[in-house]
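As given, the protein sequences belong to chains A and B, one line each in that order. Using our numbering, the letters of the first sequence correspond one by one to residues 1 to 113. Using our numbering, the letters of the second sequence correspond one by one to residues 114 to 225.
By construction, these hints were calculated from the structure, which means they are not laboratory data. Don't take each hint at face value.
[What the hints assert, rightly or not] Cut-off 30 Å, straight-line C-alpha distance, at most; resulting in silico cross-link-like pairs (DSSO-like, lysine-lysine): (1) B:K124 - A:K66; (2) A:K100 - B:K131; (3) B:K170 - A:K100; (4) A:K60 - B:K170; (5) B:K218 - B:K170; (6) B:K124 - A:K100; (7) A:K60 - A:K100; (8) B:K218 - A:K54.
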Amino acid sequence: GDQVEQSPSALSLHEGTGSALRCNFTTTMRAVQWFRKNSRGSLINLFYLASGTKENGRLKSAFDSKERYSTLHIRDAQLEDSGTYFCAAEEDMLSGSFNKLTFGAGTRLAVCP
Amino acid sequence: EAAVTQSPRSKVAVTGGKVTLSCHQTNNHDYMYWYRQDTGHGLRLIHYSYVADSTEKGDIPDGYKASRPSQENFSLILELASLSQTAVYFCASKDREDTEVFFGKGTRLTVV
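So here's chain A without its partners, still in its complex pose (with noise of 0.2 Å):
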């Protein structure tokens, strides 16, 4: 099954408000990453996490790899924001993985004026 659960699937934001991106693992994870893919199909780094809270602007995120998930807040939403934003999940090496990344199926975010 899926080892990186991403909700919501899609979201629309009018301008100046915010809301939460979660992504849920389904195994020990030992670090996380967010992107952000533009409008011209780029992947922007966000965040890399191997635990705890990381802020930038706008953008907030947090990961709890006891409790197996990760967050992605923002607030004050921009039109400029808008995109699809993944996570991105490193296995725990004790499980037995090579480093590679799993990513959630990205939320689909609309900024609307």
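Got chain A sorted already, so can you dock chain B onto it with the hints?
Same frame as chain A, but now just chain B:
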């Protein structure tokens, strides 16, 4: 910041033809990866490499070969392109275990 450059950025290929996608990274990273992304899905790992002259199969290797002739270069080869291989392909690299992965801008491949 690490630079991962993919070429071409887009390509149209004929069914049954050979396609080579190239990836070049300039930061001497050990690990390199090829992923494909299909609309509505996350990225899936095709092949990867952790050292020059060695490649490994990822989760969906069928129909693809990979080549790592040097630390900097990692190619994805479709010997006989098929319609189902129409997708966006991403190359990525990273240094060691505790660092983030850096992606190229992607190659949009259309097989007709």
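Checked hints:
no.: 1; hint: B:K124 - A:K66; verdict: 43 Å, violated
no.: 2; hint: A:K100 - B:K131; verdict: 27 Å, holds
no.: 3; hint: B:K170 - A:K100; verdict: 11 Å, holds
no.: 4; hint: A:K60 - B:K170; verdict: 34 Å, violated
no.: 5; hint: B:K218 - B:K170; verdict: 22 Å, holds
no.: 6; hint: B:K124 - A:K100; verdict: 27 Å, holds
no.: 7; hint: A:K60 - A:K100; verdict: 24 Å, holds
no.: 8; hint: B:K218 - A:K54; verdict: 24 Å, holds
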